Each structure stands twice: as structure tokens, then as C-alpha cells.
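**Q** Each chain is listed here by its residues.
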Amino acid sequence: MTPLLLAPLGLAALAALVVPLLIHLRRRTEEVPLDFAALRWLEARPRPRRKLQLDEWLLLALRLLLVACLALLLARPAVLGWEDDSAQVIVAPGVDPAAARKVAGPDAPLRWIAPGFPEVAAGAPATGTPIASLIRQFDAELPQGAPLTIIVPSVLDGVDAGQLRLTRKASWRLIESKAGAEQPAPPASPALAVRHAEGQAGALRYFRAAASAWSDTPRFEASTGADLPPRASVLVWLTPGPVPQAVSDWIGAGGTALLGDTAQIAMPASSAALWRDGAGNALVEGGVMGAGRVLRFTRPLAPAAMPALLDPAFAATLRDLVSPPARPPMRVSAAAHAPAGGIAPFPLPPRELAPWLAVLIALVFLAERLLATRRRRFPA
Amino acid sequence: MARGPLQIPPEIRSRLKRLSLRTRSDLGTGGFGLHPSRNKGSGLEFAAYRAYEPGDEPRRIDWKLFARSDKFFVREAEQESPVSVWILIDASASMSQADRARPDWSRLDAAELMALCIAELAQQQGDRFGWMTLQDGALGLAEPRGGRSQMDRLQIDLARLQAGGTFPDAATLAALWERIGAHDLVLLLSDCFDERAIAMIERLAKAGREVLCVQMLTVEERDFPFDGGYRFLDPETGEALIGDGKALRDNFLERFAAARAMLDERLDAAGIRHTAHVLDEPVDLPLHTFFGRGALSA
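Residue numbers (this note's numbering), protein chains in the order written: chain C, 1 to 380; chain E, 1 to 298.
Extracted from the complex, chain E is given alone in its bound form:
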């Protein structure tokens, strides 16, 4: 799809300035740097030498050591902000669903903009961020890095992203386990309709990662404003159900609310902070819920 790069609207950008990405482990600890740790990085405190690899910045080469040993070594320093933010974007077919009232604003569009906001927050405070687009057989992946270029890459990746297929199975998701570090912050943007997605974040949470989950819902799923005959199609399974909107409404709303309550319960039990985002709400609202004033202490 030929789209321009995604931009954060100015009003959302101004609201983002009040936020900062914080993990649960930040609470009660202060000190130099936002997230102190023992990981290697480009900080002030020396950590170790390592051999030069193509792609390392030349300014990080220790030239005095080169004079002594005739080999390139790179000084590694302790990273001041070692927490990496992982943005997991569900890109299965169900994410392409949009409301009929606003057909150009799908779940995926909202998720992309939300991902951009998170990246902006991470970049503002110097955290590294990476992302993964979760799609059956097509796991898009970017290692966490900081800086402006990472932001540009995210924009390009998101512009290319198209929803399709189903949620990836466990084998595809194996790549995820290798990369997400022990204290990384994981944000999942998904409709959370797929059991595999829930299982994945439950497992991540059990493994000590801090996981935040935003359930993306359409207005039609919240309100079910249908009247008349419809053929409801599941974009992932291809199943269809023919029915009259009005007749189905009460039962659906009841069952859907029950399903959401059950999901809430599961996520609470797993220690996953979560919120739901409906497409007619401002995109940065979940971020305010997670990182706004008083959100963590509450």
C-alpha cells in the first residue's frame, strides 16, 4: 500500500510530553539515569573491550589501544538506560477490521500510531526500542536501538505493514524468546481475540518481563450498532454467520462483555497491566493509563 510515512498528530505529540516510560522496577528507586543496570552500552562507566565489528561507529574505537596492539577494539561502557522497549504489533487479518463509519481507520492503523507514540516516548528519554510485527510466517523484527534512525526505520516498516493471515504459532514465535531481555518492557497491541496471543504474553510475564497489553476494539464490537441482515465474516478463519443485527445484539454484547471480563481476569492473574482501546478514542489514551501520573502507584 502506497502510504506516506505515519506522523504523530501535533495535539497527541503535545500530550506525550507529559509522559515517560516507566517500568515497575523504577518505583522507589532513584539515582543517576532512569534505569540503572549492569548491561553494556555507550555510557560513561567503562565496562569492557571487545573486538571491532563492521558497523561499529569509528569514534568508539579505542585508538590508543590500536596504537599498542595494532588491532581495533571498541570500548564498551555501561549503558545508562538499558531497558529496551519492545512493541509487539499483532498484524493478523483481524487487525485490518475498521468501522463502517470510518473505513480508513482500522485497528492496525490505530496500533501503528500507538507504536509510533511509544517509540517517540522511548526516544525522548533515551531508551532503546525495537518492534515485532506478529503475522503468520512473516515475523517482522527490529532489534532495540535508540536514535533518530531507528524512528525512521519504524516509520518505514509501519508504512509497509499490511494485516493478513493469522496469529503466528509457537514455532514462529521462538525468535521472540531469544531476543526479549529479562527486564525489557513489552507492549502488545492486539485485538486479543487469539488465544495464542494471550498465551504468549502470559508466558512472557511469567518469565519476568514486564508486559503491558492494549486490546484494540472497534466501535462496532463495543456498540454492535447493526440493524438488518448481515453476513458476518471472520477474516482469519473464514467462517461466516448470517443473522439479523438487532436480534443478535443483546446476546452478543452480553457474551462479549463476559469474554472481556474473563480476559481481564486472566491478565490480572498473570500480572499484566492492560487496557482496552476503542477506535473512536484518542490513540494516546492507553499510554496515559499506563504511564500517566498516578498510574503505577494506583
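Here chain C stands alone, though its shape is the one from the complex:
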């Protein structure tokens, strides 16, 4: 346990100790007028030599202590190595709290593996958190030597690609959970919303065909207007000429748009060819724009210019192009994902004493006020 100051320059505030000393210096120049009939027996004598004399020692001591504590607060005192070495138990979301309590024992502190590591008693946290990352964080922030127990369901969701390696040998406890109960449904096929100019309906058929190929109940609509579909739909913008600002904004706010080759738009700098034909020529290029994605055909939508339109694989390719990127695999069998130890421990930040010091300051201040305002100090 090593005490230290995080901002030692704050101790310069100790110079303020002079203030209470000055206040308590006896003011000999002060003269209280007083009726005194027996004056003639008072002998006028030269004033005693001015000595440094102080009044009310106890009050002065309290005030000095108060100022010193405030200066210390500015210097941010902390201790190194004063840590809580008690055993910790963390529980992955999805585990039944009662079952976790049975495994951990009746007195162990149970915390969810969730941002902030809330107590289990506080209620279930939101799901979809990066479990593996949080476990690493908890382990890194735990002082060396504190035993760690991790209670996880048999199928762990929210892990990342890295192996779980911790600074200590953690106890990895599995609790059988209803595996697959929350099997995610396969993503629905994209909904296409085509906007085209008059006399351009020829290209529509390829998209309608693709939509029909994706699903038995194709989600497809086409119009010559400029109205924007819901954000989950894919906007196919075939109108030639500059793309209206409304469409750009719609894309920037998170939409996905597929533009015809005649549409004029400033493509994002990160644009790259996303689809090449057999000869290696780019057919679709695109990139991220704001929070959304923009894709653009590089050729006219006619079989003569783009034979791939008639290719049997067009529907599947188009679907891959407009679907949002798939979620990386995050589920793992917990038994196979037991953490390994052996990482070098991280240096823990020193523990600041400011809250304790603040309490001490409040107490000293209270005592000072009590002493300074007590009735006996001011004789009537």
C-alpha cells in the first residue's frame, strides 16, 4: 500500500494556512470600550511588547486542519495497492439468477457481465453485449490475486474471434440453458423500391424478376415519382440526371440505394468495384456514404451492354449486393471457450481518496462551525 499524490502541485494551496493564523492573531489594536468606575486604581502601564499570541487554540487547529485537508484534496491523494481481494463472481446474461446463486454460493457478490457490471439483484441487463470483451475488462480491472468465477450458459453469445485469455486462472462454470431458444430467424429478403423515369420501364423487369426469385411473396414496388421508401427497403434509383438532395440525405441517414448508370452523384471516396463480370470489368461500384451505402451500376441496364442481367445468378448476386453485411459469428459452445490464463497482469490505476477526504472535510467543517458559533464564545 503506497500513498501518493497525483497532483503534488496542489500542495501549494497549503500557503492558505496563513489565513486562519492571521485571523487568530490577537488583534491588540482592538479596544473594547468599557465603563469602569474603579479607573483610578488602574495603573497606566506601557503596552507589553507585541508577542505573537494566538486566540482560541482549538478553533485555530480545526481551521488549519480544514485548510490542510482542502489543499490535500487539490493534490489528489491516492494509494497504490489498496485493493479489494475478495472473490468475484460474474454471470453472463441469459443465465437464470437463481441457478447462478446456487452455483456461486449464498454470499458471493454476483454481477452481470454487462457495461458497468451491475449487481444481479438489480435485474437482467440488456442482451447483445460483447461478453468476451467485458470479461477481459473485468479481469483486467480486478486486482491480482482476487479469485474470479465466471458463470456462463452452455451456449455463449456475444464472443469475438479472439480466444479468451485472462490474467488469472478463472473458474469457468457452465449452467445448462435452453440452447437455441432464441435461434435468430433467417433474414427476410430485401424489399426493392424502384424509381424510374418515363419510358425507362424496360429495366424494371430484371428487378421484378430478382425479387420474385428471392421470395414467394416478392416485396417490390415501382413508380415514376420521387417519393422515398421506408429505410429498410432498398431504393433502386434509375432516373437519369443528378440525384436529388433528398435521396442523398436518405442514404446518408442509413439507407441503401442502388443507382442506375445515368444517375449523377458524387460517389464516396471509399468506392470500389463490388461486382465484376467474367472479364474483370466492374459492373457495380459502391461504398459507404454517411450511415448508409450507395451502389451504382457502371453500365446501362440492357442485356446488350450488361449480359449479366440475363445470367441465372443475377438474382443471387443482386441480393448479396444489397443485403446488409451479415453479423459475424458470435455464438460458441461455452465448454469449448473456457478462458486460458497467463496474460501479464495490467497495472491497476491508484485508488483515489477524494471521497473519503471530502467526508473528512465535511466533518471538520461541521465541527469548526459548531465551535465557532457556540454561545459561550459571545458573552452578551
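Treat the hints as calculated values from the structure; they're not laboratory data.
No false leads were slipped in.
Which chain C residues stay away from chain E? Per the calculated CB distances, all over 12 Å, these:
# : residue
1 : Ala78
2 : Ser86
3 : Ala316
4 : Pro328
Taking CB as the label site, the calculated pair distances span:
#  : chain 1 : residue 1 : chain 2 : residue 2 : range
5  : E       : Ala182    : C       : Arg374    : 55 to 65 Å
6  : E       : Ala175    : C       : Arg374    : 47 to 57 Å
7  : C       : Leu21     : E       : Glu195    : 43 to 53 Å
8  : E       : Asp264    : C       : Arg375    : 34 to 44 Å
9  : E       : Arg102    : C       : Leu371    : 17 to 27 Å
10 : E       : Pro282    : C       : Val18     : 48 to 58 Å
What you are looking at is a predicted structure, and each value in this text was computed from that prediction instead of being measured.
Ideal Cβ positions, reconstructed from N, Cα and C, are used throughout, including at glycine.
Please arrange chain E on chain C, whose structure you already have, making use of the hints.
**A** Frame of chain C; chain E shown alone:
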């Protein structure tokens, strides 16, 4: 100052019941009445007739003599208790001094209450009492009388009394010599800091009056509990002295004790019984000293 009439607190009143005003001449003499004398008064023994004056009680008119002479005459009888008690209250400015610990209890307040106690004693045993408030240019005076109404008058007078000015000079005090009778009992309530007060009672004592003196002192004069810088002001002369309480203390206590010893000596030499009263003591204590059991014989 708007004050209610001064009242004697019940505990002091109960203690007063054990006391009686006695003069030195009472010692060894007994007999009918507490203070026998040849003075005229409203007693049983006939002394003389005198002409009626407005203010005399009608019942004291001798109606048989009126029938004979067609003139009002008043029968004067020998007074059974002819000793008059004179209460002299010093009301100079120094008497208004109070302790800082108890600013509403000045020397004068204590003197007033003490005067009331003396009057109560006098009234209880049928003695007449009068008073004089001694103040420069404003000599308050009430001729000795007995009775309840005198008591009320005293209370009113005291309620109006305010300390101020200096001790009266000899010319003002001349009224005093005319009134205080040869065997009257005189009680002076003063701080005894003024030489003229001492001279006055010395002269009274020499003239055969029995004089008792209570020196009223504040707690601060006894203890001098000052610490820190003060500007001491004499309320009568206006002189001021600036000094540090702690530094002045020892010297003051020494000199003040010497002054008091010298005063004691002077009063003893003049045959004046005296005591000192400090403001934190019970007000009736000096009366017990003077009139309590064994006080005179000691």
C-alpha cells in the same frame, strides 16, 4: 426608563422575616416598643396639642377640644418607634455600571432592591423610613414616614431613578443635615469610590448618627476577568485608559485591595459598620451581616 415597579423576590422576602432593624442603642435596653424615645408621634402616651394643618388625618383631631374652642387641634402622642431609617442611595453615574456577563443588573439595580428590602424591614416593625437619592443637582428626598403608602412611593421613586452625573457636593448635601435626626439610622448604598461620600458619612457618624455603609462592587472589579485590549472609561470624569486586561490585572487587584483596606480602616475608625456587596451575591446578604443574629454583639 419604563420599568415595572420593583418587587422583592419571594425567596429574599422569606429570608427577611428573620431580620429586624436594630440600632446600637437597642442593645441591652428592653421595654415597651422597640425604640423608646421622647419624640412626638402617634402613640398611646399623650405628648402635646398642636394646631391642625392641612394633611393631618381627621381622626386625629380632638373633637372635644374643638367643641370647647371652635378650633381644630391635633393630639400628638409619644411615638413608640421614633427611630427613622434613612436610606441614602448613591445615584451617580458610576452606579450604573454592570457586569458584561449580566448587563441588566447594575449596581443601582442592586441598591434599589436592597433599599426596598430595608424599607420592608422598617415597615414590618413599624419604623418610619425615608430616602434620599444622591445625585449631582438632583437630590431626591422623601421624609421618613411609615405605612404602606410610603412603600408605594418608594417603589415609584426607585422606578424613576436613573443614575447619572457625579456625587453631589457639600452645598447640595446641606439638605441632608437638616433632616437626619440625632438618633436616626442611616444606610448608605454606594460604590464608595467618591471621597465626598466617605466624608459625608464620616461627618454623619461624628454627629452621632448611626451609619451603616454597603459598598456595592461589580464582579469585574473583584475579579478583573479582562483579557485583550480595552478602553476603560470612567463614567463620571470621562477619563479613559487603554490597556491590555491581562497586563493590568495583578497591579489593579493589588491596588484595589489596598484601597478597600484603607476604606475599611477609615470607616472602622469613624465607627461606621460597613460591608461590601458584590453583584453576584444575594441582595439581602449585607442586611444579614448588619442585623442578623449575633451581628451586633460580635
